[in-house]
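These protein sequence lines map, in sequence, to chains A and B.
In this text, residue positions in the first sequence follow the working numbering: the first is 1, and each later residue adds one.
In this text, residue positions in the second sequence follow the working numbering: the first is 169, and each later residue adds one.
These aren't lab readings, by the way, just hints derived from the structure by calculation.
As a list, the in silico EDC-like pairs of lysine to aspartate or glutamate whose alpha-carbon atoms are at most 16 Å apart:
| no. | chain 1 | residue 1 | chain 2 | residue 2 |
| --- | --- | --- | --- | --- |
| 1 | B | Lys381 | B | Glu518 |
| 2 | B | Lys381 | B | Asp519 |
| 3 | B | Lys408 | A | Asp84 |
| 4 | A | Lys41 | A | Glu3 |
| 5 | B | Lys403 | B | Glu385 |
| 6 | B | Lys261 | A | Glu23 |
| 7 | B | Lys499 | B | Glu260 |
| 8 | A | Lys148 | B | Glu225 |
| 9 | B | Lys408 | A | Glu85 |
| 10 | A | Lys43 | B | Glu385 |
| 11 | A | Lys91 | A | Glu17 |
| 12 | B | Lys386 | A | Glu109 |
| 13 | B | Lys403 | A | Glu79 |
| 14 | B | Lys226 | A | Asp151 |
| 15 | B | Lys226 | A | Asp149 |
| 16 | A | Lys7 | A | Glu17 |
| 17 | B | Lys386 | A | Asp106 |
| 18 | B | Lys403 | B | Asp439 |
| 19 | A | Lys93 | A | Glu65 |
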Amino acid sequence: MNETLKKELQSTFNGVEIVDIHETRTAIIVPSVSVPVVLRKLKESGLNRLSLLSCVDWIGDGKFEIVYILTSYMQNDDEYTPNDEWHVFLKTKIPRDHASLKSAIDIFENAEPYEREIHELFGVHFDGHPRLTPLFLTQKYEVPPFRKDFDTRQYVKDTYDAIPMVED
Amino acid sequence: MTQVKETAKNEVQRELEMYFGPQHLGMVGNFSITLTVQGDRIVKAAANPGYLHRGFEKLMEYRTWIQNFPLVCRVNVVEPDHMEMIYSMAVEKLAGIEVPERGHYVRSIYLELARVGSHLFGLWAYANMLGFDTVAQWAMYHRDLILDLFEALTGGRVYHIYIWPGGVRRDFPKGFKDKIVSTLHQIGGCVPDYDDTFFKNRLFYDRAHGIGKLTAEKAQRLGATGQTLRATGMKYDIRKVEPYAAYDTVEWEVPTRTDGDAYSRIWVVRDEMIESVHMIFKLLEGMPEGPVFNRPPNPLRWNIPSGEAYVRCESSRGELGCYIVSDGGDKPYRVHFRTPSYPHGLTILEDVLVDASVADVGNTMISLYVVAPEIDR
Numbered sequence: 001m002n003e004t005l006k007k008e009l010q011s012t013f014n015g016v017e018i019v020d021i022h023e024t025r026t027a028i029i030v031p032s033v034s035v036p037v038v039l040r041k042l043k044e045s046g047l048n049r050l051s052l053l054s055c056v057d058w059i060g061d062g063k064f065e066i067v068y069i070l071t072s073y074m075q076n077d078d079e080y081t082p083n084d085e086w087h088v089f090l091k092t093k094i095p096r097d098h099a100s101l102k103s104a105i106d107i108f109e110n111a112e113p114y115e116r117e118i119h120e121l122f123g124v125h126f127d128g129h130p131r132l133t134p135l136f137l138t139q140k141y142e143v144p145p146f147r148k149d150f151d152t153r154q155y156v157k158d159t160y161d162a163i164p165m166v167e168d
Numbered sequence: 169m170t171q172v173k174e175t176a177k178n179e180v181q182r183e184l185e186m187y188f189g190p191q192h193l194g195m196v197g198n199f200s201i202t203l204t205v206q207g208d209r210i211v212k213a214a215a216n217p218g219y220l221h222r223g224f225e226k227l228m229e230y231r232t233w234i235q236n237f238p239l240v241c242r243v244n245v246v247e248p249d250h251m252e253m254i255y256s257m258a259v260e261k262l263a264g265i266e267v268p269e270r271g272h273y274v275r276s277i278y279l280e281l282a283r284v285g286s287h288l289f290g291l292w293a294y295a296n297m298l299g300f301d302t303v304a305q306w307a308m309y310h311r312d313l314i315l316d317l318f319e320a321l322t323g324g325r326v327y328h329i330y331i332w333p334g335g336v337r338r339d340f341p342k343g344f345k346d347k348i349v350s351t352l353h354q355i356g357g358c359v360p361d362y363d364d365t366f367f368k369n370r371l372f373y374d375r376a377h378g379i380g381k382l383t384a385e386k387a388q389r390l391g392a393t394g395q396t397l398r399a400t401g402m403k404y405d406i407r408k409v410e411p412y413a414a415y416d417t418v419e420w421e422v423p424t425r426t427d428g429d430a431y432s433r434i435w436v437v438r439d440e441m442i443e444s445v446h447m448i449f450k451l452l453e454g455m456p457e458g459p460v461f462n463r464p465p466n467p468l469r470w471n472i473p474s475g476e477a478y479v480r481c482e483s484s485r486g487e488l489g490c491y492i493v494s495d496g497g498d499k500p501y502r503v504h505f506r507t508p509s510y511p512h513g514l515t516i517l518e519d520v521l522v523d524a525s526v527a528d529v530g531n532t533m534i535s536l537y538v539v540a541p542e543i544d545r
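The whole structure should be built from the sequences, with the hints applied where relevant.
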């Protein structure tokens with residue numbers, strides 16, 4: 001990772017932790033309140049593209065980890081630079097109960113469907129999102145279905161075993 | 169929605185809400201769009217995915233690393249091969265498995281064949297939608313020839329599970345190289361016919377020119393990749409940006425166009441198919457001898473060290489990524505696929521449909537190369 005950016009991030013924001021995962025992948029762990037400002041800072045410093053917004057349910061710690069995977073489009077129009085391979089995982093942990101986070105749509109417009117998906121499948125609320133309506137599912141579940149405490153096997157048993165066979 | 173607005177001619181035009189799909193002649197796949205229209209103009213479009221949501225990513229958390237393959241390749245029905253590749257790449261990254269050199273070549277050739285097959289399928293969908301039935305039938309026939317190749321190589325026509333962590337399941341059978349060359353020559357010989365009847369056809373030009381236009385700036389802002397981005401002039405291709413398999417061993421060009429409309433996108437697809445065929449010939453020539461598979465440990469007792477990875481490859485629709493987390497167990501802790509149709513079918517489609525005509529909805533959607541199962545997962 002770019003050393004100057006590393007130092008700048010650590011000196012500007014409180015509680016920033018930077019870990020190099022692979023040669024071209026760096027994780028930046030920040031408290032949830034600083035996500036928008038750090039995202040904006042990273043975007044200004046060249047990581048102009050949000051590849052993926054994901055969520056991991058660490059049920060043992062009672063936390064959701066929201067992961068913003070950022071990279072850049074090509075910096076030169078014709079030349080490929082090693083910098084184009086570089087990805088940053090901006091991660092933040094939020095409590096599982098009443099999970100909520102500020103929406104990133106004003107920084108990366110394409111975050112909209114991803115946030116909608118995470119809201120639906122994990123039950124994380126994104127403040128400032130214009131339409132947190134269902135994306136994939138047709139019914140409401142007591143426990144959002146992608147959480148670790150949603151028992152898929154039990155759900156299948158309850159739903160499909162309850163369908164009676166056709167009588168002769 | 170029965171708001172009444174006055175037009176310039178003082179005619180009263182109502183705003184109506186209209187459901188386009190999933191049962192609609194202009195809709196390909198399990199997808200629907202809710203359109204707010206005023207006369208023939210679209211005021212607002214809202215995409216409704218979910219008709220094929222199978223919760224694969226959740227189901228994968230209940231299956232071992234290898235048991236997940238049949239699920240993975242069903243994420244994108246049209247081109248399962250890149251799904252196998254991305255999942256294998258992710259597992260290899262986490263487990264630290266190397267692929268033999270010949271394995272990389274075989275993978276590249278296999279993936280390029282898959283790209284040509286997938287593009288021909290896309291061409292079928294597009295030509296069929298616009299009423300060019302002859303071209304559609306040709307494309308379907310030529311795709312079938314590629315499927316014959318896959319059948320000879322893997323035993324399966326559509327779903328192959330040929331790529332495994334550590335390489336590919338088996339080497340090319342005897343005489344397979346010649347089979348690839350003759351099939352590709354047969355398909356390549358028809359390019360002038362395709363050009364005359366479709367790509368350079370005035371009727372097609374008039375129908376596709378200016379449809380679903382995107383500027384380079386907007387395409388980037390909304391997260392476009394693949395043809396959608398390359399049709400706006402940017403040479404962004406993961407095979408060049410972050411080379412994997414054997415793509416950095418041969419010389420090849422990234423085709424681009426500058427108009428950013430449906431016509432440009434389909435031309436990028438056409439040029440890409442031709443480039444893929446040339447690339448396959450070069451790869452076949454430079455292919456080294458040796459093993460193709462580094463056998464991974466016993467799949468029933470395979471624990472992968474805890475960690476996380478994000479890998480990506482260029483599928484025939486754009487950037488396909490996989491974010492994978494392992495907690496050190498024999499099953500993935502979390503898998504999340506970044507599929508190219510997700511931004512194309514949700515963010516971009518909703519944006520470019522505004523102010524379009526109702527007759528152009530299917531046209532725009534297919535030109536963006538949206539495959540619904542990939543969005544739903």
